[in-house]
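*Asks:* Taken in order, these protein sequences are the chains called A and B. The first sequence begins at 1 in my numbering and counts up one residue at a time. The second sequence begins at 1 in my numbering and counts up one residue at a time.
In case anyone wonders, no lab produced these hints; they're calculated from the structure. Predicted model only: the values in this text are computed from it and were never measured. Even for Gly, the Cβ is constructed at its ideal location relative to N, Cα and C. Treat the hints loosely; a few may be bogus.
Claimed, not checked - Which chain A residues face chain B? A few, computed with CB under 8 Å, are given here:
no., residue
1, 6
2, 291
3, 293
4, 295
5, 298
6, 379
What the hints assert, rightly or not - Straight-line C-alpha distance at most 20 Å; calculated EDC-like pairs for lysine to aspartate or glutamate:
no., chain 1, residue 1, chain 2, residue 2
7, A, 303, B, 95
8, A, 221, A, 232
9, B, 127, B, 139
10, B, 191, B, 175
11, A, 221, A, 94
12, B, 127, B, 175
13, A, 303, B, 175
14, A, 210, A, 232
15, B, 127, B, 91
16, A, 303, A, 5
17, B, 127, A, 5
18, A, 372, B, 99
19, B, 75, B, 90
20, B, 127, A, 300
21, A, 210, A, 55
22, B, 154, A, 283
23, B, 75, B, 39
24, A, 210, A, 129
25, A, 303, A, 283
26, A, 303, B, 92
27, A, 221, A, 236
28, B, 154, A, 5
29, A, 303, B, 91
30, A, 210, A, 94
31, B, 127, B, 138
32, A, 221, A, 245
33, A, 221, A, 202
34, A, 372, B, 90
35, A, 372, B, 71
36, A, 210, A, 192
37, B, 127, B, 92
38, B, 127, B, 99
39, A, 372, A, 300
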Amino acid sequence: MIFFEFARRSIRLHWLRSLLAVLGIVIGVIAISSMGILGNSLVLSVGEALSDVGDTVVVYPHAGGFGNGAPLQTDTVITGRQVQQIERAVGVNDVIPLHLSADRIEVGGERGVVQVYGMDTADIPLLLEVTDGVYLRGASGAMVGQALARTYNLGVGSRITVGDQSLRVVGILAERGVGFDINPDRAVIVSDQWYRSVYGEEDYDQVIVKVRNLEEIEEVKHDIDAALNRREIEVDIFDTRMILETILETFGTISTFTTAIGGISLVVAGVSIFNVQMMSVTERTREVGIIRSIGTRRREVMKMFLYEAFLLGFLGSAIGGILSFGGGYLALLVMLQDTTFLFASSSLVYIPYGMLFGIGTSLISGVYPAWKAANLNPIEALRYE
Amino acid sequence: MEEKGVKGDRVSTDQPVIRLDHVSKIYPLPFGDVTALDDVSLDVEPGAFIAVMGPSGSGKSTLLNVIGCLDVPTKGDLFIAGRNIGELSDDELTDLRRDTLGFIFQQFNLIPLLTVRENVEYPLVLKTRRRESEGLVEELTRRVGLEEELLSHKPSELSGGQQQRVAIARALVNDPEILLCDEPTGNLDTKTGTLIMELLTEVNGQGKTIIMVTHDPRIAEYAHRTINLVDGKIV
Ligand SMILES: Nc1ncnc2c1ncn2[C@@H]1O[C@H](COP(=O)(O)OP(=O)(O)OP(=O)(O)O)[C@@H](O)[C@H]1O
Ligand SMILES: [Mg+2]
Chain A
1 MIFFEFARRS
11 IRLHWLRSLL
21 AVLGIVIGVI
31 AISSMGILGN
41 SLVLSVGEAL
51 SDVGDTVVVY
61 PHAGGFGNGA
71 PLQTDTVITG
81 RQVQQIERAV
91 GVNDVIPLHL
101 SADRIEVGGE
111 RGVVQVYGMD
121 TADIPLLLEV
131 TDGVYLRGAS
141 GAMVGQALAR
151 TYNLGVGSRI
161 TVGDQSLRVV
171 GILAERGVGF
181 DINPDRAVIV
191 SDQWYRSVYG
201 EEDYDQVIVK
211 VRNLEEIEEV
221 KHDIDAALNR
231 REIEVDIFDT
241 RMILETILET
251 FGTISTFTTA
261 IGGISLVVAG
271 VSIFNVQMMS
281 VTERTREVGI
291 IRSIGTRRRE
301 VMKMFLYEAF
311 LLGFLGSAIG
321 GILSFGGGYL
331 ALLVMLQDTT
341 FLFASSSLVY
351 IPYGMLFGIG
361 TSLISGVYPA
371 WKAANLNPIE
381 ALRYE
Chain B
1 MEEKGVKGDR
11 VSTDQPVIRL
21 DHVSKIYPLP
31 FGDVTALDDV
41 SLDVEPGAFI
51 AVMGPSGSGK
61 STLLNVIGCL
71 DVPTKGDLFI
81 AGRNIGELSD
91 DELTDLRRDT
101 LGFIFQQFNL
111 IPLLTVRENV
121 EYPLVLKTRR
131 RESEGLVEEL
141 TRRVGLEEEL
151 LSHKPSELSG
161 GQQQRVAIAR
171 ALVNDPEILL
181 CDEPTGNLDT
191 KTGTLIMELL
201 TEVNGQGKTI
211 IMVTHDPRIA
221 EYAHRTINLV
231 DGKIV
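Okay, chain A solo, but in the shape it has when bound:
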């Protein structure tokens, strides 16, 4: 096509300024793609760290106006009767009532504060995983979280003092990461009998329901709500998947935002394409006059200049697309120290995205100059020096 040929030659003739305009697009495309890849990897890595708690419904005593689900409440409780109601409501699903408080800890003269979870020893394997030693069975003895064990250098058989009571460590828990139900990594797990005898507390602070069939989560929540919150609100019910989704959504928003910041560099690139195209139109005014006078239609002149903008955008996007692998890799390495998600397909789509934006920006920037060229008066254009 002859108009494409015009565009190609014009770019080659002014290769230096074309190169600069292309460079702008390259940077813009890399910025958009690598920000997109970074944001997506962030979502993926957070999602992976939290996904194993997706099957849990957590019931807290109703916290009045303060319903943020914080598990450290002292004045409100879930009674044994309420636990029974929950058990009846959820049928075959496992119900795990928990006691929870904070207490002093002392190990070989080192002191600190820990969270103490009291639970039925039969429930422990449902919720927690042991890496070292055994699950707690008897009334006395304790299990400790991985991080706590590291801090106090604890092993199976170590002795710890919680409050005034001495306990023997029978098992170390596997690291669990941040959870929405419980956070055992820096906690001591004891039997419910021990907890009640030491703290004199019969009621529970939190009830966890493990839902066997994920699709029943909404139903289970609804049933608990119907059983307990009929007359007045007694408990707050959360499912971890909902919390997870909220968090992922937030990360998604953040990643959209950073990608948009990448887009700003593309706007700058668009301005430079606009500049180059305006220059090209001005310099070639006489040429436009010639081709218009010998029978080139307005639309054809427009096409010729749009091809030029397209070519610049295409070149920039192609180069930018290739370099985006490197840009994404670097962004992940610096921000996440983990590049595993670079080649996830949901990350890689940001590269064609970025390229499309690059080409689109160039075309949009090229529209006005092309329109201007197409609407030059042929006689005046011919007279232009």
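Use these hints to put chain B with the ligands onto chain A, whose structure you have.
*Replies:* Chain B with the ligands in isolation, oriented as in the chain A frame:
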């Protein structure tokens, strides 16, 4: 080209190929209007060779631009090859310039980005949307007396006389009925100018209608008829 076929309208050869009917061209300027063409009427028969003369600023170029459909008359009617150009859209006027009119300028006005061959075939490519010209470019090159090895050169590498020959070849490539020449020899030495005029005479002999603006009475002698313009009027 749709509707009233240009060729169909010219069954009889004595129907004028160009007709100006009380044409005026007025340029509105802040300090008063300039009347570049003042009530000009003119019939041009097919195959005519007309020289347009007159002092500077008398409206010669304006007349040529109006006939060339680059400019529209302020008043009056203009017919080119039987078509009333006042009724045509910008695209139709553009197509008329491409197919029915050939332009030859004082400055040659070749397209610098294209080679000589591409310059010659450009109007044809516009018309047919195809790049192959089936030997037409070579034939025209011979007709205007240009060496074939120049076809691959860029216009800037050619002499003025050679460039004007390329421009003439380009003007002829779509086999137009009318050639419009604005001082075709103005940028050439006398000897080269004479050669170009001989070429134009030859082209006229092959049936093209030619309207040529010139300052030079010796150049005007090549024409069959000379029109004198003064202050936008034919005298
Ligand atoms: N675009 C325009 N705007 C305003 N006035 C114009 C324009 N073009 C031409 N004119 C005026 O119209 C008149 C005729 O101009 P034109 O160019 O046709 O003269 P010409 O006979 O070709 O002169 P020359 O021999 O110097 O080329 C002049 O007075 C000129 O100033
Ligand atoms: Mg003139």
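*Asks:* Which of the numbered hints are not met once you compare them with the structure shown?
*Replies:* The structure conflicts with hints 10, 13, 14, 18, 33, although it agrees with all the remaining ones.
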